[in-house]
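Given the structure of chain S, go ahead and fit chain X onto it with the hints provided.
2 protein chains.
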Amino acid sequence: MSDTPDSVVRAYIDEHRAAFLDDLADWLRIPSVSADPAHAADVRRSADWLAAKLTETGFPTVEVWETDGAPAVFAEWPSLEENAPTVVVYGHHDVQPAAREDGWHTDPFEPVVKDGRLYARGAADDKGQVFFHTLGVRAHLAATGRTAPAVNLKLLIEGEEESGSEHFTELVRAHADRLACDAVIVSDTGMWDENTPTVCTGMRGLTDCQIDLYGPDQDIHSGSFGGAVPNPATEAARLVAALHDADRKVAIPGFYDGVQELTGTERELFAELPFDEKGWLRSAHSHGALGEAGYTTLERIWARPTAEVNGLGSGYQGHGSKTIVPSTAQLKLSFRLVAGQDADRVQQSVRDWVAGQLPDGIRHEVGFWGATRPCLTPLDHPALQSVVRAMGRAFGQKIRFTREGGSGPAADLQDVLGVPVLFLGISVPSDGWHAPNEKVELDLLMKGVEAAAHLWSDLAENMPAH
Amino acid sequence: MSDTPDSVVRAYIDEHRAAFLDDLADWLRIPSVSADPAHAADVRRSADWLAAKLTETGFPTVEVWETDGAPAVFAEWPSLEENAPTVVVYGHHDVQPAAREDGWHTDPFEPVVKDGRLYARGAADDKGQVFFHTLGVRAHLAATGRTAPAVNLKLLIEGEEESGSEHFTELVRAHADRLACDAVIVSDTGMWDENTPTVCTGMRGLTDCQIDLYGPDQDIHSGSFGGAVPNPATEAARLVAALHDADRKVAIPGFYDGVQELTGTERELFAELPFDEKGWLRSAHSHGALGEAGYTTLERIWARPTAEVNGLGSGYQGHGSKTIVPSTAQLKLSFRLVAGQDADRVQQSVRDWVAGQLPDGIRHEVGFWGATRPCLTPLDHPALQSVVRAMGRAFGQKIRFTREGGSGPAADLQDVLGVPVLFLGISVPSDGWHAPNEKVELDLLMKGVEAAAHLWSDLAENMPAH
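In order, the protein sequences belong to chains S and X. Under full-length UniProt numbering, the first residue of the first sequence carries the number 1, and numbering increases by one thereafter. Under full-length UniProt numbering, the first residue of the second sequence carries the number 1, and numbering increases by one thereafter.
A hint or two may mislead.
Treat identical chains as interchangeable: a pair holds within one or across any two.
Think about it this way: if two alpha-carbon atoms lie no more than 20 angstroms apart in a straight line, the pair counts; the simulated EDC-like pairs of lysine to aspartate or glutamate are [said to hold, decoys possible]:
#1 K53 - D257
#2 K249 - D342
#3 K249 - D360
#4 K114 - D14
#5 K398 - D107
#6 K322 - D36
#7 K322 - E365
#8 K398 - D6
#9 K322 - E15
#10 K322 - D6
#11 K114 - E261
#12 K53 - E63
#13 K114 - D6
#14 K398 - E268
#15 K398 - D23
#16 K278 - D219
#17 K278 - E299
Rather than coming from a laboratory, the hints here were simulated on the basis of the structure.
One chain only, chain S, in its complex shape:
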């Protein structure tokens, strides 16, 4: 049997697997909980640890980038080839809080391997998936006989993802020249399940707002005045009820303007996935499926824009009763956006719509917190095809497509850097992100290393540099 690139990669990985896992365990021992100020020093230690490891991996340039919050790590390894495309890998080195008493069977910051799984906070989200790129790039060099990657490889590993990425856009904007690239590879997502390797092709966008309604200048007596003056709680509820029509479509005029409809092919690809609605409802802690008529559950969460009530508050909420007409009401709404929608236009549609719904005597304010754009890579995009081929070589299986219903900092990279965002992740739903006993499947983790090892050559061949 001759040495193919694939067999070299596998041999290289097998040889270095034990050291790789020892190193990862060291990193997982650092409780880099970004949401807890008491762990600020640990988050910094985690950044420094990663920086040292990336230097050891061979990255000639490694820097810790400060923000007004937690530090990020930047690393760069230029290709020796001319006209090589440039890629930024995105991930994060901070983790969710975790404590033994939350239901962990073992110390969340003392990694344990059992039955082929590595248990620790951050094993899957996201240290494990960041770390597979270190062994991946070494295997890539070994298999191709290179001393530098086939692409100009940059890593940007942030430290605040689990606490809201507050300073991330700022960071990307400040370093936009250093981060210039042809594509972003996000390694902070997962696959459909253990038996169904998939590539995520996009995330929904998000814009969220607060609507305050003002009625009487103070709470007033519902006996003396009720039924004869407008009640802001009633009007807030009528707004929410008017958000959707009988088919549960969003009823705000202009909301769907520009929405990129699913193609027949995309719907078929979604339908090929082994979706189990009962299991999905369990994961949603929910007792019924309900959404826009004419779409399946997967289509609703991956490819359709939504209007959701995140919070409602008005009047008396204590024990018992208080017969008032409340003075004010407050609504928190979030809108998930899909490709083709413009957040600014959606915001204006919401403002116009609210203004037209309210009766005389109710004053209102609408304030948006922000907007994250949707991202979607077309199925025939050359970089996406490279990711699919790299995953296919690692898994030896047909690679299917998923999307993410959520929204994330990946979209900032897309927007600021003006490039497509691709996803390379091997985590599975059972990994328990943010939950007790988070784990990563070791076999899948090594497939991640393998896919990363194949990706750079494929991209260099197939994705044009600009």
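This is chain X only, laid out in the frame that chain S set:
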């Protein structure tokens, strides 16, 4: 000029006015704030003071009735005539909290007379209006040459009205035999204004509930699951929006069953009142009038049943945003009821309606806090005619009719004792109940004494005893 009963009453009142006001001032000095446990001894002192004064007035039986809360005062003065009807006068001796720093120009518990007004907490609500019955019954005896009233006169003056009358129904039930009567006269209301003497003919009833909706077992991610599972905040809002139709009529099937519609005469009588909508909106601290189509503001608040949202709560209500589908939602609703409506049937209608509105996946609970029945005395009721004539003799003006939009313990007396409830009050909106600088107009207060003095003979002549 010969001595008519009216002139004797006036002369008697003039003669005793100074002593009457001195006594009232003494009572007003007792800060009988029932809502504040620190004033429990003052509330008891107020009851004892009143009991002593009623004995001095001539009531042969005076008792302080204990409750699990504050004490009430009961007094009884039987008529010497056979077949005399029996009347219970209702009022209360406790007052709202008051402190100089709330905006009082003088000490709220040190009565001050200025420009024909007596300023003190309780001057109008309700000590002044209870107290006019003491001089009233004496003037009645003087004018008719009696040594006992023309009716069997009973007084029930409770001590918890300003803190929710928690033990009042219990008290009335426990003493139902002692309180047996042919009619109740409530002296705890007011008139239209200084220039428009009126008699209130009824109050609305009330039943209020809490509706809890349960969706996902915990708050869930609106990106991962939103748009594909039912959201209890959305469903709560849709319930509220469905409470009223486009004409702002209550849309719950069966809600209007039995409602006693306004007659043409009643509507004309309402329309005769000098209603100033702008002034009324100011008193409602509101910026628009809105209610059931086809009815005026006065009709809406006095004679139409309503469904009002008193409170709404779901999901995230803090600063900023949190992109969740909330697990639960809570609604507080109150329904004002009018004559002819049955609170039990309304409650069942609400339960049935809620159950039919919710999608699969939303569990719900409906709990009612209680029910107060509406009361309404027909315009041609002989006892109401007596009240109108007594007021007419006191004021020398046409007496018009009002109603109360609120609900009160008067309805308990109606229900437990099974008799009509009538209202005799001389307070005016500018008296500032529950507000700083509460006052009573001394001229109106003395008209109250006069009306009370005339009422007992008229009732004895015109209202049959049972």
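Hints, one by one, checked against the model:
Neither within a single protomer nor between protomers do K53 and D257 lie at most 20 angstroms apart by alpha-carbon distance, with minima of 48 angstroms and 78 angstroms respectively. In this assembly of identical chains, K249 and D342 lie within 20 angstroms of each other by CA distance solely inside one copy; the values are 18 angstroms within and 39 angstroms between copies. In the homo-oligomer, the alpha carbons of K249 and D360 lie at most 20 angstroms apart only across protomers (18 angstroms), although the nearest pairing inside one protomer, at 27 angstroms, exceeds that limit. For the homomeric pair K114 and D14, the shortest alpha-carbon distance inside one copy (19 angstroms) is at most 20 angstroms, but the shortest distance between copies (99 angstroms) is not.
Taking the closest pair of Cα atoms, K398 and D107 never come within 20 angstroms of each other, the shortest separation being 37 angstroms inside a single copy and 85 angstroms across copies. In this homomeric assembly, K322 and D36 come within 20 angstroms of each other (Cα to Cα) only across copies, at 18 angstroms, whereas the closest approach inside a single copy is 39 angstroms. Proximity of K322 and E365 under a CA criterion of 20 angstroms is satisfied inter-copy only: 19 angstroms between copies versus 26 angstroms inside one chain copy. With identical chains, the CA atoms of K398 and D6 are at most 20 angstroms apart within one copy only, with a shortest distance of 17 angstroms there and 105 angstroms across copies.
Neither within a single protomer nor between protomers do K322 and E15 lie at most 20 angstroms apart by alpha-carbon distance, with minima of 71 angstroms and 45 angstroms respectively. Taking the shortest alpha-carbon separations for K322 and D6, neither the intra-copy value of 72 angstroms nor the inter-copy value of 45 angstroms comes in at or below 20 angstroms. When the C-alpha separation of K114 and E261 is checked against a cutoff of 20 angstroms, the pair qualifies neither within a copy, at 45 angstroms, nor between copies, at 76 angstroms. For a Cα distance limit of 20 angstroms, the shortest separation of K53 from E63 inside one copy, 12 angstroms, qualifies, whereas the shortest one across copies, 90 angstroms, does not.
For the identical chains of this complex, K114 and D6 are neighbours neither inside a copy (28 angstroms) nor across copies (101 angstroms), given an alpha-carbon limit of 20 angstroms. In this assembly of identical chains, K398 and E268 lie within 20 angstroms of each other by CA distance solely inside one copy; the values are 15 angstroms within and 82 angstroms between copies. In this assembly of identical chains, K398 and D23 lie within 20 angstroms of each other by CA distance neither inside one copy nor across copies; the values are 31 angstroms within and 97 angstroms between. Taking the shortest Cα distances, K278 and D219 sit within 20 angstroms of each other only across copies (19 angstroms), while inside one copy they are farther apart (45 angstroms).
In the homo-oligomer, the alpha carbons of K278 and E299 lie at most 20 angstroms apart inside one protomer (16 angstroms), although the nearest pairing across protomers, at 53 angstroms, exceeds that limit.
Checked against the numbered hints listed earlier, the structure breaks hints 1, 5, 9, 10, 11, 13 and 15; every other hint is satisfied.
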